[in-house]
Amino acid sequence: MVQPDHTHAPRPVPSPYTGRQEIDLDQVREMLSHFTYSDHEEAQELILSALQEINEHFGWVSHEAAEIVADHLGTSATRVFAILTFYADFRTTPRGHHHMLLCHGMSCYVMGSSKLVQKVRDEYGIGDGDTTPDGQLSVQVANFCLGVCDRSPVVKLDDEYYGHVNADDLTDLVNRAIEGREAMHASEVNHG
Amino acid sequence: MVSVKPSAHLTRLNSKDDYIAFREHAHRKWDALWNGDATLVSVGVGSSSIAKGALEVLEQAHQVAGDAIVREVSGNGAFWMEPWIEIKRPGVDPVVYGPLTVDDVAGVIAGTRDDLAVGVRGENPVGDIRPLTEIDFFKHQVPLLTRNAGVIEPDSIEDAIARGAYDGYFKVLFEISQEQAIAEVTTANVRGRGGGGFPAGIKWESGRKARNNPKFIVCNSHEGEPNVYKDRHLHECDPHRILEGIMIACIACGAERGYNYIGGEYPLGIRRFRKAVANAERLGLIGKNVLGTGKNVAIRVRTGGGAYVCGEASALMYSIMGVRGQPRTKPPRSVEEGLWKRPTVANNTETLANMPDIIVRGGEWYASLGTENSKGTKLMTMQGPSKLSGVVEVEMGVTMRHLLNDIYGGMREGYTFKGIQTGGASAGPITEDAFDLAIDFDSLGPLNGMLGSGGWVLFDEDVCAVDMARYLTAFSRYESCSKCVPCRLGNPALVEILDRIRFGRGSLEDLALIRRTSSHIIELSLCGLGQVAPVPLVAFLDTYEEEFRQHIVDGVCKCGVCPISAPSRETMLEEVAAD
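Quick mapping for you: the protein sequence lines, in order, are chains A and B. Okay, so the first sequence: first residue is 1 according to this note's numbering, each after it adds one. Okay, so the second sequence: first residue is 1 according to this note's numbering, each after it adds one.
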């Protein structure tokens, strides 16, 4: 993997990566307190939404968080885990510092996203759902459509979209992200 | 739950007269806005334009607008002009500018950047700027469902009401009976927009007749296909239309609760829909004793978690009920035993979005649009190397030649046409032979194609047919819910065979093996996903058999995509030596 180049200054200090994005369980309880229901049926309908909110906020859902969801909505942890492992949007392991959504919808496929998937595999040794060993990058290969098809192939890295990305741009983007967001904003390479 | 709050100034309406007064107020407000002395700056914000910086443009517009009123409207489907701003100056029609960057905003608002103008949204030219409807992309469209796109602020229920929203709901509440409402839908002969094409009137009638209470309505807004975003667009530009469709269905079928099951892929659409629900609840259009009629209508929004199979009705209902979305055997059909074992009528978003117009303008009017067997309009998207891209709404019966060449501007330069994949991952490609066929629900069937949800994917000569067939089969493999054996094991087997061919180890017998395995999956699978999973592959094999044979017999992938075409170690060494 390409080592980040430390000559860029000033550079925001990334929080030390502990290999595990801790999920603040009190915060989970606070989030769940907004999920109120009038009967058992409605409680069950809320399981997916509750998990989605946690997944969205923390980037993943831990065992402990899943158990709290199960408790709050009156169901079993097994049931909650069955859902977590079925639906593609959920992660049961933490995301990397930087999270990449690599659109592999049909439009992006036609415009060459397979090369990007391959590039991520070659360069970082990770595939869909994986995180690099140093925890810097995680990737999700989107099996749906990001809906920015006029810029295919499209990549969403953290909160920014990039269009017409080719394999070389991709590593460039990731390296810039790892070096610090400031550098990336300044250059606007291929800003989708 | 991320709660979306209703607009604070709205108050509950308790009767028919209250609503009529409110509607008049909304109309007056709208007219005052557009005929007043203020300049209106509308920024098109949708998920596609946000990706191109529309939020920054909106922010900048707020900064530099001065006295002008800044509005956040939705995208209008024309991806190629995003991000855009529409400026309405007093006395003239609004002018649309785009694509622009943050730096252009001040100039556009000040009126010094007419070079960025795309056209006038209206009939009268402004200076040298011509109407948008003279541009090919817009000229051939028939905007019914999307007529509010880029016009109303999706978060404002008053804007929507001023443009005719909830008139159909009002009609089914006060003016016509359940039977009459369903009769209009039956006359309209509106067919399911999700791909199946089942007549909605028949579904509603059996929903109304079901005796088990309570009953539910489910709006299927789950777009798991890797090439479709029309429902997302509809949610972002006019959530009220979808909501009204669900509410009309609730009244017509006698259901007390409607669900909208939305795929998790489009947070903006979900937020705007929730806002529409919150506002309608605040006004008393949803809730107990709606407008004093004694009728109860409840709406719940549920979101999916990214499983394609949840587009299948029974899987979708399981997903709402908080379990894995795995389809079940039928009968009983969901209209007899669906959500929570209650009678449930499930319709696609686009189908329900048609209902307000059908109720207001009548089934006869609707049936006058489109072809003999497929009525109305259809939202369509074109992806791949076409010149323009985006969502369009056209009348049923449009030809592919017209759609591709006139509306989407043909192929981009440097690309040679090879085919168009139809029906997402559920049908096959069409070639130029099918270009003059009037497209409707049935016409593409004999050619292995399918209208489906209206997503067309253009692909060029650089795309290898074998590799693309593998991509589509791999999609079905990934999305299989693993409940039944033919789909769970059959799809991986097909991918394996295709990989063999791609790596240059295939034999001609593999082609027969593909057909045999495919027919097993098609005949034996439990649900619609499995029953169509190998269809794209078989269709690719029919259409591009020559290319499959080239891979096997000659060991060549002429597009240079498959691993078979990677240079061997020997040739690479030779090349190095030659340098």
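Think of the hints as simulated: they come from the structure by calculation, not from any bench. Among the hints, erroneous ones may be present.
What the hints assert, rightly or not - The calculated DSS-like cross-link candidates involving lysine-lysine, where the alpha carbons are at most 27 Å apart (straight line), are: (1) A:K156 / B:K288; (2) B:K171 / B:K288; (3) B:K16 / A:K115; (4) A:K119 / B:K558; (5) B:K16 / B:K29; (6) B:K288 / A:K115; (7) B:K5 / B:K16.
**Request:** Please write out, lowest number first, the hints stated earlier that are contradicted by the structure.
**Result:** 1, 3 and 6
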